[in-house]
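Enquirer: In case you want the letters, here they are:
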Amino acid sequence: MKTIHVATTINGDALEFACAPEETLLDVLRDRLGLTGAKEGCGTGDCGACSVELDGRLVCSCLVLGAEAEGASIDTIEGMAVADDLHPLQRSFIDHAALQCGVCTPGILVAAKALLERNPDPTDTEVRYWLAGNLCRCTGYDKIIHAVQDAARKMRSA
Amino acid sequence: MRYERPRTTREVADLLSLEPGMARILAGGTDVLVQLRSGVVEPDLIIDIKHISGLRDIVPEAGGFRVGAAVSGAELGEHAGVRALWPGVVEGAELIGSTQIQGRATMAGNLCNGSPAADAVPGLFTAGAVARIAGPDGERDCPVEEIPVGPGKTSLAKGEFVMSFLLPARPERSGDAYLRFIPRTEMDIAVCSAAVSLTLGVDGRVAEARVALGAVAPTVRLVETAAASIVGTALDDGALSELQAACSAACAPIDDKRGTIAFRTKVAGVLAKRAALIAFERAGGKR
Numbered sequence: 214m215k216t217i218h219v220a221t222t223i224n225g226d227a228l229e230f231a232c233a234p235e236e237t238l239l240d241v242l243r244d245r246l247g248l249t250g251a252k253e254g255c256g257t258g259d260c261g262a263c264s265v266e267l268d269g270r271l272v273c274s275c276l277v278l279g280a281e282a283e284g285a286s287i288d289t290i291e292g293m294a295v296a297d298d299l300h301p302l303q304r305s306f307i308d309h310a311a312l313q314c315g316v317c318t319p320g321i322l323v324a325a326k327a328l329l330e331r332n333p334d335p336t337d338t339e340v341r342y343w344l345a346g347n348l349c350r351c352t353g354y355d356k357i358i359h360a361v362q363d364a365a366r367k368m369r370s371a
Numbered sequence: 006m007r008y009e010r011p012r013t014t015r016e017v018a019d020l021l022s023l024e025p026g027m028a029r030i031l032a033g034g035t036d037v038l039v040q041l042r043s044g045v046v047e048p049d050l051i052i053d054i055k056h057i058s059g060l061r062d063i064v065p066e067a068g069g070f071r072v073g074a075a076v077s078g079a080e081l082g083e084h085a086g087v088r089a090l091w092p093g094v095v096e097g098a099e100l101i102g103s104t105q106i107q108g109r110a111t112m113a114g115n116l117c118n119g120s121p122a123a124d125a126v127p128g129l130f131t132a133g134a135v136a137r138i139a140g141p142d143g144e145r146d147c148p149v150e151e152i153p154v155g156p157g158k159t160s161l162a163k164g165e166f167v168m169s170f171l172l173p174a175r176p177e178r179s180g181d182a183y184l185r186f187i188p189r190t191e192m193d194i195a196v197c198s199a200a201v202s203l204t205l206g207v208d209g210r211v212a213e214a215r216v217a218l219g220a221v222a223p224t225v226r227l228v229e230t231a232a233a234s235i236v237g238t239a240l241d242d243g244a245l246s247e248l249q250a251a252c253s254a255a256c257a258p259i260d261d262k263r264g265t266i267a268f269r270t271k272v273a274g275v276l277a278k279r280a281a282l283i284a285f286e287r288a289g290g291k292r
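Chains as they are written, first to last, in our numbering: chain P, 214 to 371; chain A, 6 to 292.
Be aware that a few hints might be false.
Only pairs whose alpha carbons sit at most 25 Å apart, straight line, appear in this in silico SDA-like list of lysine to any residue [unchecked claim]: (1) P/K215 to A/V46; (2) A/K55 to A/R189; (3) P/K215 to A/E24; (4) P/K356 to P/L328; (5) P/K215 to A/T190; (6) P/K356 to A/T190; (7) P/K215 to A/H56; (8) P/K215 to A/G44; (9) P/K356 to A/G44; (10) P/K215 to A/R42; (11) A/K262 to P/C255; (12) P/K356 to A/M192; (13) P/K215 to A/R7.
To spell it out: a stretch of chain P is covered by chain A in this simulated footprint if at least three of its residues, at any positions, have a beta carbon under 8 Å from a beta carbon of chain A; those stretches are [to be verified]: (14) 236-246; (15) 270-284; (16) 296-310.
Hints listed in this document are in silico derivations from the structure and should not be mistaken for laboratory results.
Glycine included, each C-beta is placed from N, C-alpha and C at the ideal position.
Whole structure, please, built from the sequences with the hints as guidance.
Expert: Right, here's the structure in full:
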């Protein structure tokens with residue numbers, strides 16, 4: 214098995230890793246780089262728990278090969294808070310109790326951040342469609358939508 | 006398994022031709038990674054085509070647009086020019102999967118994965134899109150409807166791969182639309198689907214039409230009898246009924262967990278009728 218050497222940028226930091234050709238970006242993040250925020254829910258791109266941004270695009274890291282990270286820029290949940298200062302979305306999810314078990318939460322936060330960067334004032338319907346690829350089996354989604362909308366309001370007035 | 010990221014189409018053709026085992030093209034990876042991980046395919050070689058010049062670009066060409074094989078659904082949807090010229094193609098491509106899947110999934114992958122339920126494909130058929138295929142003997146152009154030949158099967162020869170599509174120029178007074186049936190609002194695979202593209206004459210009647218159905222046969226299917234049933238009409242109720250009947254008559258679906266033969270046969274006709282009305286309105290038609 215040939216090992217591939219990959220030079221990439223993760224959360225703004227240049228770093229390098231070696232991986233097998235069939236290894237996914239999710240496996241690399243979790244098992245080689247210790248970035249365990251992205252979760253494996255389904256492994257087939259249905260649940261969104263492994264969401265990261267790849268060159269500014271929201272993707273499922275379970276459907277990206279580690280080798281594809283070469284020369285790319287990746288943003289994960291670990292880069293969302295600045296030291297101890299939570300991102301407004303993270304703060305809002307806590308304030309609105311928009312999580313229970315927390316497995317889906319990193320993916321939903323990464324996805325919601327990508328939405329608000331493109332559309333700072335989405336409708337509830339737009340939030341629901343944007344997050345349709347992020348499954349949550351605990352909350353029933355309403356609290357998530359409220360938390361995203363409240364964070365959006367605070368970010369607009371900040 | 007080896008992973009290669011060539012820089013030229015020539016290298017891709019060489020890699021594909023020389024590989025004795027199974028090779029797979031990787032563009033968005035939203036099908037191939039799932040198949041890889043589930044063990045459905047065990048490729049010896051994965052060829053990432055995203056670093057070939059032009060394959061991630063959308064460029065104007067001959068009044069239409071050339072769309073690279075590695076252009077994602079999200080990139081296509083953000084392109085105002087393609088949206089304006091071929092809204093039905095874009096709405097089909099944008100129905101594939103979630104936001105995350107849209108960030109990666111490509112029309113070329115959707116076509117070459119060979120699913121009869123592929124959402125981007127009926128719109129490509131009715132657009133008369135032409136695929137540019139690179140292979141060991143150079144490049145050739147091929148109408149998109151000649152590429153799928155059965156579930157998971159394409160007419161591409163060993164060494165060949167799709168490098169781009171040409172979405173052609175279209176006359177004034179043209180419109181297209183794509184509709185699918187799924188039991189939910191999002192994140193599902195078409196139970197059946199229909200695309201219609203048409204051009205109106207100066208008299209407001211349909212001068213040209215193309216109709217395609219998805220998930221009702223082993224491949225997406227162009228239905229010429231359905232197109233013929235609306236040409237020359239102002240899409241009156243009689244013409245729409247004929248369109249619907251011609252579509253249902255062209256269905257040869259299977260029964261499966263997503264839908265029955267009877268359901269697919271009926272609903273495909275209904276969707277074609279509704280898609281025709283949307284395409285007609287987009288073309289500026291008045292009933």
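Enquirer: Now tell me, hint by hint, if it's right for this structure.
Expert: Against the structure, the hints:
| no. | hint | verdict |
| --- | --- | --- |
| 1 | P/K215 to A/V46 | holds (19 Å) |
| 2 | A/K55 to A/R189 | violated (33 Å) |
| 3 | P/K215 to A/E24 | holds (16 Å) |
| 4 | P/K356 to P/L328 | holds (17 Å) |
| 5 | P/K215 to A/T190 | violated (43 Å) |
| 6 | P/K356 to A/T190 | holds (20 Å) |
| 7 | P/K215 to A/H56 | holds (21 Å) |
| 8 | P/K215 to A/G44 | holds (20 Å) |
| 9 | P/K356 to A/G44 | violated (38 Å) |
| 10 | P/K215 to A/R42 | holds (18 Å) |
| 11 | A/K262 to P/C255 | holds (21 Å) |
| 12 | P/K356 to A/M192 | holds (21 Å) |
| 13 | P/K215 to A/R7 | holds (7 Å) |
| 14 | 236-246 | violated (count 1) |
| 15 | 270-284 | holds (count 11) |
| 16 | 296-310 | violated (count 0) |
Going down the numbered hints, you'll see the structure goes against 2, 5, 9, 14 and 16, while the others check out.
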